[in-house]
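Engineer: Sequence:
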Amino acid sequence: MARDIYAYRQVAVHSVQRGSAVEIHPVPGQAFSPELLVQCSQRLKDLDTYPLGTCFLLDAKLTDRGGNQYMYAWHGDAVQVLSPKQTKAFLAEFRRGRI
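Residue numbers (my numbering): 8 to 106.
Hints are computed from structural coordinates only; laboratory data are not their basis.
None of the values given here were measured: they were computed from a predicted structure.
Please note that a few of the clues may not be correct.
[Unchecked claim] Lysine-lysine pairs mimicking DSS-like chemistry, simulated, CA-CA at most 30 Å apart:
hint, residue 1, residue 2
1, K52, K95
2, K52, K68
3, K92, K68
Using the sequences provided together with the hints, build the complete structure.
Structural biologist: In structure tokens, the structure reads:
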């Protein structure tokens with residue numbers, strides 16, 4: 008089955024510490040709750056490569072497959088790291104594009 012590219016949107020996400028685990032969540036200020044989990048490549052959780060709090064730009068979709076809602080990003084997509092300035096610009100662009 009082919010991947011439905013129209014279901015995916017660009018989402019800024021960041022790594023956060025929850026207990027002893029590192030999780031990926033949407034950055035606040037977007038259409039998605041910052042409490043949503045993001046299922047993505049485990050590479051983004053590698054603290055030796057990306058420090059805690061690193062922001063990434065992912066193509067992700069909202070799904071509830073298997074129960075609770077979460078964001079899904081294909082693990083094979085390229086990793087795009089966002090600087091704080093790029094994250095701020097992305098969120099500003101998102102706010103201008105809202106209806």
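Engineer: Any of the earlier hints contradicted here, and which numbers?
Structural biologist: Violated hints: none at all, because every hint is consistent with the structure.
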